[in-house]
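S.K.: So you can see what is in the structure, the chains are spelled out below.
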Amino acid sequence: MIRIFISRDSASVSVGSVRIARLVCEEAAVRGLILETALTGSRGLFWLEPLVEVETPGGRIAYGPISPSDVGSLFDADFLTGAEHPLRLGRLEDQPYLARQQRLTFTRCGIVDPLSVEDYEAHGGYAGLRRALSLEPQAIVNEIKLSGLRGRGGAGFPTGIKWDTVLHAQADRKYIVCNADEGDSGTFGDRMLMEGDPFSLIEGMTIAGLAVGAAKGFIYIRSEYPYAYRTMTDAIALATKAGCLGPSLMGSDQAFTLETRLGAGAYICGEETSLLDSLEGKRGMVRAKPPLPAIAGLFGKPTLINNTLSLATVPWILANGGQVYADFGMGRSRGTLPIQLAGNVTRGGLIELAFGATLREIVEDFGGGTATGRPVKAVQVGGPLGAYFPASMLDLPLDYETLAAEKGLLGHGGIVVFDDSVDLSQQARFAFEFCAAESCGKCTPCRVGAVRGVEVMDRIIAGIEPEKNFEVLEDLCTLMTDASLCAMGGLTPLPVMSALTHFPEDFDKAPQVPAAAE
Amino acid sequence: MPRLGEWDQGRAREIIAANGTLEGPVLPILHALLNEFGHIPEEAIALVASELNLSRAEIHGTVSFYHDFRRQPAGRHVLKLCRAEACQSMNGPRIARDLLQELGIDWGGTTSDGALTVEGVYCLGLCACAPSALYDGEPMGRVDRERLDTVAREARGP
Chain C
1 MIRIFISRDS
11 ASVSVGSVRI
21 ARLVCEEAAV
31 RGLILETALT
41 GSRGLFWLEP
51 LVEVETPGGR
61 IAYGPISPSD
71 VGSLFDADFL
81 TGAEHPLRLG
91 RLEDQPYLAR
101 QQRLTFTRCG
111 IVDPLSVEDY
121 EAHGGYAGLR
131 RALSLEPQAI
141 VNEIKLSGLR
151 GRGGAGFPTG
161 IKWDTVLHAQ
171 ADRKYIVCNA
181 DEGDSGTFGD
191 RMLMEGDPFS
201 LIEGMTIAGL
211 AVGAAKGFIY
221 IRSEYPYAYR
231 TMTDAIALAT
241 KAGCLGPSLM
251 GSDQAFTLET
261 RLGAGAYICG
271 EETSLLDSLE
281 GKRGMVRAKP
291 PLPAIAGLFG
301 KPTLINNTLS
311 LATVPWILAN
321 GGQVYADFGM
331 GRSRGTLPIQ
341 LAGNVTRGGL
351 IELAFGATLR
361 EIVEDFGGGT
371 ATGRPVKAVQ
381 VGGPLGAYFP
391 ASMLDLPLDY
401 ETLAAEKGLL
411 GHGGIVVFDD
421 SVDLSQQARF
431 AFEFCAAESC
441 GKCTPCRVGA
451 VRGVEVMDRI
461 IAGIEPEKNF
471 EVLEDLCTLM
481 TDASLCAMGG
491 LTPLPVMSAL
501 THFPEDFDKA
511 PQVPAAAE
Chain D
1 MPRLGEWDQG
11 RAREIIAANG
21 TLEGPVLPIL
31 HALLNEFGHI
41 PEEAIALVAS
51 ELNLSRAEIH
61 GTVSFYHDFR
71 RQPAGRHVLK
81 LCRAEACQSM
91 NGPRIARDLL
101 QELGIDWGGT
111 TSDGALTVEG
121 VYCLGLCACA
131 PSALYDGEPM
141 GRVDRERLDT
151 VAREARGP
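Protein chains in written order, with the working numbering: chain C, 1 to 518; chain D, 1 to 158.
Just so you know, the hints here were simulated from the structure itself, not pulled from any lab data.
It cannot be assumed that every hint is accurate.
[What the hints assert, rightly or not] From the structure, some residues in chain D lie toward chain C, with a derived Cβ separation under 8 Å:
hint : residue
1    : W7
2    : A32
3    : F37
4    : D68
5    : Q72
6    : A74
7    : M90
8    : Y135
9    : R142
Only a predicted model underlies this, so the values are computations on that prediction, with no experimental measurement involved.
Glycine is no exception: its CB is placed at the ideal position from the N, C-alpha and C atoms.
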């Protein structure tokens, strides 16, 4: 039987992959051909989607991007044998976009059936957990420390140190919490992974449970990700049935159970302490630290809270060794970073590379410049709290320390490209507008500062007393940076000030001319 | 989209009971009530509070904090348009403005025939296929004016 592979990742579905799958199956039936359709996640080459891969002796041959009117001609060309066709891409592994990557966290995504434990194991899954089951908790933690893994959610805190703190906290109960509240615009790695390789997250959390002595975990997924929520929930049920979760992990005397929880539309719940309050059923208000969640987290118990991609990388580290992981990267940023390239770009997608690649390699070599064909004017790195960099700064390498030194941040690894039609004063205004809409309201600098920021930006954009208002803007940004309780208020000045620093011409508005009397 | 039921105290009690043993049951209960009734009516707040032995203020606080927990029913169809940066870079604001103008509504509004609610959302994770939307829970990427017009036409019927 002929097997074809179609992605059911929600981005693939959003551009018609399921529709194409249906048309292909209908056309096959008309022609009397029997097909087996395997649903996978996405490989993350979204400009080629929707695409179909056909299993042949020479590997999976891809065709794309397919529009409904192409289906007939694909059959006419005998594409089910991997034959020539104008849309034939060959093996995706041979596409330079994929061949140049170092896929560790995303090694299986887009290849395996996301809802098959057998397929997961056949592609190296659960090797990490098997090893972890033979180790003492401290040895697991030491392996993570050795890997140099840092929190992929944005803060970049050393994961192993966090694990060590939870391991040594004394309590009758501890929890593992996965922060899958991926709210940053331009980021979609958590979503892709949960939809394409959910067992790697389950395995990572299970290992974390063994390491710190927790028997219960929660995955908090934003409600904007309905597909990811369903896939994770189904995968947990399958892993439980297969004995990879539950009272006896793989026949051992260790227990670990997992539940998914759905967010309810609040960006701030990506901040770990407000996420914990949300899990407890409260308003998602940021908590003052200390105490750290590692000491008093969910329901007051020691809680290990990590980002989706941090946890999903753990199985690879356990299976291959912390040192092997640490051999990738630069400086204090070890391992690989799943970069998400998005916005106005020709070839947007998921690019997993060792730390240290430059923005130019990503935006120009991988991305192929803007989708509109106009010059790149700005890239925003790290989500809505990240800086806007001009085209002249594209030679910056992507690592935590370099971007911080340039008054930016790496965040969750999202890069949004803008062409020369963007007005950075409007983007600066939006940064405040977003903060005003999504602030939890607990601290005044963020709650009030964001609203005042929108007002100041409106006056600057209107050309009203610019010098005075620039002074107010800078003062406001300093205050929000220094006095906000969490990163939401504390980092909103980053996009604002970077826009002002790198694109002053966009803020140089003509002074307002008083309207002539009627 | 299924027709959403009228408020039914008995059914609500069942939903609360079915989720009541979860650790941190409030959000799962509110989501389940939202699925059942299409919004969180005032009666639900009092009932959840009394069943969980919490104050009405606490439940009201939770409900009012989150964008999802709407207090009034939406239209028969819901279109969520992404308003975040990646979609801004691909002309999203213009497309959204045109649609809202055409429909004669603002963000969060429902067309006068009750057919379509249009909401803004900050990021759907479809940023490499911007601009993007979610129509009755189904993702839409590389959205343009034409596709949105088609959706609006289908939603509103003949």
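S.K.: Could you run down the list of hints and mark each one as holding or not?
M.R.: A quick look at each hint next to the structure:
1. With a cut of 8 Å, the hint placing W7/D at the interface with chain C is violated, because the nearest CB-to-CB distance is about 20 Å.
2. For the restraint placing A32/D at the interface with chain C, the shortest Cβ-Cβ distance is roughly 10 Å, beyond the 8 Å limit, so the hint is violated.
3. A hinted interface residue such as F37/D counts as satisfied when its beta carbon comes closer than 8 Å to some beta carbon of chain C; here the least separation is about 15 Å, so the hint is violated.
4. The beta carbon of D68/D comes within 4 Å of a beta carbon in chain C, closer than 8 Å, and the hint placing it at the interface holds.
5. Nearest Cβ of chain C to the Cβ of Q72/D: about 16 Å, over the 8 Å cut. The hint is violated.
6. About 13 Å separates the beta-carbon of A74/D from the nearest beta-carbon of chain C, more than 8 Å, and the hint is not met.
7. At its closest, the beta carbon of M90/D sits 6 Å from a beta carbon of chain C; the interface hint therefore holds under the 8 Å criterion.
8. Interface restraint check for Y135/D: the shortest CB-CB distance to chain C comes to about 10 Å, outside 8 Å, so the restraint is violated.
9. A distance limit of 8 Å between C-beta atoms decides the matter here; for R142/D the minimum to chain C is near 6 Å, and the interface restraint holds.
Against the hints set out earlier in the document, violations occur for numbers 1, 2, 3, 5, 6, 8.
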